[in-house]
Each structure stands twice: as C-alpha cells, then as structure tokens.
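2 protein chains.
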Amino acid sequence: MINKLVEEIKKKNAPIVVGLDPMLNYVPQQIQKAAFEEYGETLEGAAEAIWQFNKGIVDATYDLIPAVKPQIAMYEQFGLPGMAAFKKTVDYCKEKGLIVIGDVKRGDIGSTSAAYAVGHLGKVQVGSKSYYGFDEDFATVNPYLGSDGINPFLDVCKEEKKGIFVLVKTSNPSSGEFQDQKIDGKPLYELVGEKVAQWGEECMGDTYSYVGCVVGATYPEMGKVLRKIMPKTYILVPGYGAQGGTAKDLAPYFNSDGLGAIVNSSRGIIAAYKKDTYAKYGEANYADASRQAVVDMIEDINSVL
Amino acid sequence: MINKLVEEIKKKNAPIVVGLDPMLNYVPQQIQKAAFEEYGETLEGAAEAIWQFNKGIVDATYDLIPAVKPQIAMYEQFGLPGMAAFKKTVDYCKEKGLIVIGDVKRGDIGSTSAAYAVGHLGKVQVGSKSYYGFDEDFATVNPYLGSDGINPFLDVCKEEKKGIFVLVKTSNPSSGEFQDQKIDGKPLYELVGEKVAQWGEECMGDTYSYVGCVVGATYPEMGKVLRKIMPKTYILVPGYGAQGGTAKDLAPYFNSDGLGAIVNSSRGIIAAYKKDTYAKYGEANYADASRQAVVDMIEDINSVL
Numbered sequence: 038m039i040n041k042l043v044e045e046i047k048k049k050n051a052p053i054v055v056g057l058d059p060m061l062n063y064v065p066q067q068i069q070k071a072a073f074e075e076y077g078e079t080l081e082g083a084a085e086a087i088w089q090f091n092k093g094i095v096d097a098t099y100d101l102i103p104a105v106k107p108q109i110a111m112y113e114q115f116g117l118p119g120m121a122a123f124k125k126t127v128d129y130c131k132e133k134g135l136i137v138i139g140d141v142k143r144g145d146i147g148s149t150s151a152a153y154a155v156g157h158l159g160k161v162q163v164g165s166k167s168y169y170g171f172d173e174d175f176a177t178v179n180p181y182l183g184s185d186g187i188n189p190f191l192d193v194c195k196e197e198k199k200g201i202f203v204l205v206k207t208s209n210p211s212s213g214e215f216q217d218q219k220i221d222g223k224p225l226y227e228l229v230g231e232k233v234a235q236w237g238e239e240c241m242g243d244t245y246s247y248v249g250c251v252v253g254a255t256y257p258e259m260g261k262v263l264r265k266i267m268p269k270t271y272i273l274v275p276g277y278g279a280q281g282g283t284a285k286d287l288a289p290y291f292n293s294d295g296l297g298a299i300v301n302s303s304r305g306i307i308a309a310y311k312k313d314t315y316a317k318y319g320e321a322n323y324a325d326a327s328r329q330a331v332v333d334m335i336e337d338i339n340s341v342l
Numbered sequence: 038m039i040n041k042l043v044e045e046i047k048k049k050n051a052p053i054v055v056g057l058d059p060m061l062n063y064v065p066q067q068i069q070k071a072a073f074e075e076y077g078e079t080l081e082g083a084a085e086a087i088w089q090f091n092k093g094i095v096d097a098t099y100d101l102i103p104a105v106k107p108q109i110a111m112y113e114q115f116g117l118p119g120m121a122a123f124k125k126t127v128d129y130c131k132e133k134g135l136i137v138i139g140d141v142k143r144g145d146i147g148s149t150s151a152a153y154a155v156g157h158l159g160k161v162q163v164g165s166k167s168y169y170g171f172d173e174d175f176a177t178v179n180p181y182l183g184s185d186g187i188n189p190f191l192d193v194c195k196e197e198k199k200g201i202f203v204l205v206k207t208s209n210p211s212s213g214e215f216q217d218q219k220i221d222g223k224p225l226y227e228l229v230g231e232k233v234a235q236w237g238e239e240c241m242g243d244t245y246s247y248v249g250c251v252v253g254a255t256y257p258e259m260g261k262v263l264r265k266i267m268p269k270t271y272i273l274v275p276g277y278g279a280q281g282g283t284a285k286d287l288a289p290y291f292n293s294d295g296l297g298a299i300v301n302s303s304r305g306i307i308a309a310y311k312k313d314t315y316a317k318y319g320e321a322n323y324a325d326a327s328r329q330a331v332v333d334m335i336e337d338i339n340s341v342l
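Protein chains in written order, with my numbering: chain A, 38 to 342; chain B, 38 to 342.
These aren't lab readings, by the way, just hints derived from the structure by calculation.
Please note that the accuracy of each hint is not assured.
Unchecked claim - Using 27 Å as the maximum straight-line C-alpha spacing, the simulated BS3-like pairs for lysine-lysine come out as follows: (1) B:K125 with A:K125; (2) A:K47 with A:K317; (3) A:K261 with B:K219; (4) B:K223 with A:K125; (5) A:K125 with B:K311; (6) A:K160 with B:K92; (7) A:K166 with B:K92; (8) A:K311 with B:K160; (9) A:K47 with A:K223; (10) A:K160 with B:K125; (11) B:K261 with A:K166; (12) B:K124 with A:K125; (13) A:K219 with B:K261; (14) B:K92 with B:K311; (15) B:K70 with A:K92; (16) B:K166 with A:K124; (17) B:K124 with A:K219; (18) B:K160 with A:K223; (19) B:K219 with A:K219; (20) B:K124 with A:K160; (21) B:K311 with A:K166; (22) A:K160 with B:K219; (23) B:K70 with A:K160; (24) B:K92 with B:K125.
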C-alpha cells in the first residue's frame, strides 16, 4: 500500500491528504435539515448528515488527491450510527480509488493490539470464514506501549500489504510534556523515531517502508532531525493550516526526491466555505469551496518542493 | 463515579474487576453453534456469540464484583456488529448495577480528544437534543500527547461525574522501551505519574480522584513508587494471573486504608473453564467456572491486604 500511496502522490502531483473530520457544525444547514427530516434529531440523523457532507467533499476532490484521513473520533462520538458512517465513508473513498488512512490512534499490547490491527487493517476469522472489519489501508498507532503494541500491527501489515503511521511528535502545544523530555541528552521523540526506523526495516516497500510516522507541521526543526533519523519512513504531517503550520515549514519533512511526506489538512479543506477566502462559494456550494482549497493547498505545498 | 466505585468495592469486599475481553476461541462450542445457526458464520454471528458468552459470565458474577472492564478491541475486530455487541455489553452490565470501565485506550488532542470523551463518557449534541454514545462509566486514556489529550476528558468527567484511568506503566514486557527511559534520573512513567496526580487534583471525589491510572501487576517495585507519587489516585492493575502477576506482588499498589487499587483479571476469569483448576465444571458450565474463579481471586487478593 505504501507503493500505491507513493505512486498516487506522484501521479496527482499532490503530497496531501484530506482529513475527513466532520464536526456537525461544519455541515451546511441544508444537509443537516434533510438528514434530520429523515431521521429526526437523533444519532442516526447526525450520522447521515456527516456521511452526506463527506460524500459531497469526496465527489468534489477525489480526482485531485491521493488519500483521505477520516478521524474516527468524530464518528465514534455519535455511537453506533457514527461508526456506521465511518465505515460507509471508508468504503466510499476506496470505491473512488482513494487511499484511506484511518486516524484511529489505537495502541494496546499482544492479542489486544492484534485485535485492533485485524479490525482496522486485516481480516478476522469467524468459524471457517474470514471478514474485513473496518478495512482501512493505513492506521495511525500510538507507541507508548512499545514493540508489544506495534508488532501485531506489523504482522497484519505484512500479510495485507497495508501500513501504519506511528505517532512520533504530535502537532499540539503540549506534545512536549512527554515527547520532548531528554533521555541521555536526546528527546523521547527521537528515540521513538529510531524505533520507527527499526520497525520499518522489516516492512519495506520499493523505496519507502510500510511503517510511517506522524510528525506535526508545527515543529519544523524537529521534523528536520526526524527526517534524517527515518530516511525511508513516510511522514504524515498534521497541523498545516488551521493549527498554524505553513508551507515553508514543510520543506524539511520531504526527502530530496520530493517524496517522503504527506501533509494533512482537515478543517482548512472540509470547512473551507467558512473561511473568508472561500466564502464567495456560499454554504450550499461547500464542496466547490473544498475543491478550490485543495487546488490552493497543492500549489502552496508544491511551491516549496 | 469514583465514589461509587469505592463504595461498591467496600460493599462487596472485592477490589477486583473482570475483564470482558472475549476471544472467539474462549466461547464454548454450544454458544458458537447457536449463534452461527441464527446468523451464519458472519460478523453478526461472532458478535452474537461473544455477547451471549458475556451475558453468561455477567449473570454468574455480578453479585460478587464491583466492576467490569470490556476491552473494546475484542469487539472492534468484528467491525460494526462487534461494536454493537460492545454497546449491548456495556448497557447490560450497567443494568446489573456494575460499574463499566471501557478499556478503550483512546488519546488524541483538542476537539478530537473531546469527541472521544463525549462518545465514551458524555453526551453529544444533535440539533436541540443530546445523546450518550457508548456511555461507559470510566475510560482508559493514553497520555503520549500530553495535557491537550487529557483536559477534554477532564471537562467531560467533571460534567458527568465519570472518570478516566491514564496509562502510566503498562504490564507488557516491552513497556520499558519508552516508559522506563530516564529523564533527569527519573523514569518517564514517574513523570507521567506526577502529571496524573496533578490532573487528578482538579477532579477529586470524597477520598480519591476521578483521574485514576493504570500500572501493571508485573512491575511491583514500580507500583510501590507510583503509589507514593499518586496517593489519591485509584490504580487499575492489569497483569494479574495470566500475565504473571501474583497476589503478593499487589500489596504495594494499595494504600493503608486497604483501598486505592482495583485488580483486573480477564482470561483467568472468563476462560477459567479452560484451566485445569476449573476444568471439572465443563465447557457447558463455563459461567460457574468463572464464578468460582472470581471467588478464588477475591480471596487471593484479600489475603495480602
């Protein structure tokens, strides 16, 4: 799957991923109204609204982008109907040829981590049959529990030719509380980065590893160091746009081949119509605003490569 | 909810929690057969099997125990039907008066962490109405992202009078890869423990905080130190039994009031019938075996308090 991701990024000349993280208040009134008319102001109604919202954005942008990153928390908050909307979104994006990075940040140990890996990337055995659960192409994984948490994911990745992105340095202001703490003079995130490189060696695609990592756009100096520590690791970069990361911050995350990083924008794309720059599209044409925001983001990022 | 947990532990004289982590191969043949006859060898069939299995164990043990800890990964692996079985299990346990600790190990930042908090502990707003999603009483949370990940949970905990258990030192062999790394001479898990104590101060119940932590039974020396760092923090202790932790290892996790810790056993209880000690019950009476294993575990743990 990492080979496919690299190919699609090259083909579309777009090292970006759209974060499908729908808040209900991003969803235009007409979509909410239609959903609530059909299902009432219920969890089912909310799930229908975010699904229709997503569909509009995917239809308007899929030809421009290699991948999407649905943030499962935004669906999970609506309970079971929300989870169903997540699954519907994953399936629809795959139908449209998009690579789906499930931003699930799961992480546990042994058989429990294996269950997450199976549920999100692999097949579960039921009697004599086997089934995919949520069936994303990549999943984000939390490293706090060490190799016992990661290895079960690697097993599934090898079998399914799928991949993971391990949290290394997150984009938020307080990420330093633990991640920046110095261990023998070296911050924890570097130590995690070294492990990611090591885990990645056993899961190599053609040029990059199936084991990627997450490094926030908001910490470019650290991105530069981490790029060197993990030369064959794809870096998923959140924090561009709404969180303050700019295109010029992003150059150090890429390798000299112009590859090696994929930049995420969520709010900046899916709620583009709420920004002054794209307000002219109007709420009803929110998907057109998202398309234009994708075009502009691709141009912005390619300008520094 | 921490007050209720303490009360129930005292009332039942049982500082234990049963981990409802059903693997399909724990489920007795007759239950699997009935579920597959009704739903086929499908995800729905698997979900029905684990739900019926859980129900049997809950019916046989609820009068003895204060709490259960369903591990969501074991449900999530069966996709949407699995998530429905998780929700059914949570609801049924609450009907039976049990406190439900959702072992979800979620963790993200800002509005995303808030969405997880709302989905698992709180209410989500849909138009003019609000709904509980999964509605556990406690959730386990991963601290790698720092305060930005924890604070949204604290907000929901305060509103709902619910609680969290933050991973501090996990029970697995490789937990030391990052958690034991020394920062100014002090291991990372101590630093996380200090933050847990700090987060907990703003969410105090009568004697213990709404912010608990997770420390594995397999590291009693560390448990002893962490107990002192977090005197008002309830410690959820995995790793007893199947993972190698013994009752005498557990004494340091408790305070002198005989409280302050709750010990989890999953496989040791729910798959008791597969162990030599309880094999006499037979597969058909798996729930009776689980009940006896609960009785024995309570006695074992109380013997060191």
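Structure-based check of all given hints:
Pair hint K125 of chain B plus K125 of chain A holds up; C-alpha atoms about 22 Å apart against a cutoff of 27 Å. With a C-alpha separation of about 31 Å, the suggested pairing of K47 of chain A with K317 of chain A is violated against the 27 Å cut-off. Of the pairs offered as hints, the one joining K261 of chain A and K219 of chain B holds, with about 25 Å between alpha carbons and a cut-off of 27 Å not exceeded. Restraint check for K223 of chain B and K125 of chain A: not satisfied, since their Cα atoms lie roughly 46 Å apart, outside the 27 Å limit.
For a cut-off of 27 Å, the pair hint linking K125 of chain A to K311 of chain B is broken: about 39 Å separates their Cα positions. The straight-line distance between the Cα atoms of K160 of chain A and K92 of chain B is roughly 26 Å, inside the 27 Å bound, and the hint therefore holds. Between K166 of chain A and K92 of chain B the CA atoms are separated by roughly 25 Å; this keeps the pair inside 27 Å, and the hint holds. At most 27 Å may separate the alpha-carbon atoms for a hinted pair to count; K311 of chain A and K160 of chain B meet this at roughly 26 Å.
Distance hint between K47 of chain A and K223 of chain A is unfulfilled; the C-alpha atoms sit about 35 Å from each other, more than 27 Å. Pair hint K160 of chain A plus K125 of chain B holds up; C-alpha atoms about 23 Å apart against a cutoff of 27 Å. Straight-line distance between C-alpha atoms of K261 of chain B and K166 of chain A comes to about 47 Å, which puts the hinted pair past the 27 Å bound. For the suggested pair K124 of chain B and K125 of chain A, the alpha carbons sit about 20 Å apart, so the restraint of at most 27 Å is met.
With a C-alpha separation of about 25 Å, the suggested pairing of K219 of chain A with K261 of chain B holds against the 27 Å cut-off. Our distance criterion of 27 Å between C-alpha atoms is met by K92 of chain B and K311 of chain B, whose separation comes to about 18 Å. In summary, the hint linking K70 of chain B to K92 of chain A is not supported, as the alpha carbons are separated by about 40 Å, beyond the 27 Å threshold. Restraint check for K166 of chain B and K124 of chain A: satisfied, since their Cα atoms lie roughly 24 Å apart, inside the 27 Å limit.
Of the supplied pair hints, the one linking K124 of chain B and K219 of chain A is violated, its CA atoms being roughly 41 Å apart against a limit of 27 Å. Taking the CA atoms of K160 of chain B and K223 of chain A, the gap is near 42 Å; set against the 27 Å cutoff, the hint is violated. Our distance criterion of 27 Å between C-alpha atoms is met by K219 of chain B and K219 of chain A, whose separation comes to about 8 Å. This hinted pair checks out: K124 of chain B and K160 of chain A have alpha carbons roughly 22 Å apart, not beyond 27 Å.
Annotation: proposed proximity of K311 of chain B to K166 of chain A holds, straight-line Cα distance about 24 Å (limit 27 Å). With a C-alpha separation of about 39 Å, the suggested pair K160 of chain A and K219 of chain B falls outside the 27 Å cut-off, and the hint is violated. For the hint linking K70 of chain B to K160 of chain A, the alpha-carbon distance of about 21 Å falls within 27 Å, and the restraint holds. Taking the CA atoms of K92 of chain B and K125 of chain B, the gap is near 10 Å; set against the 27 Å cutoff, the hint holds.
Violated hints, in rising order: 2, 4, 5, 9, 11, 15, 17, 18 and 22; the structure is consistent with all others.
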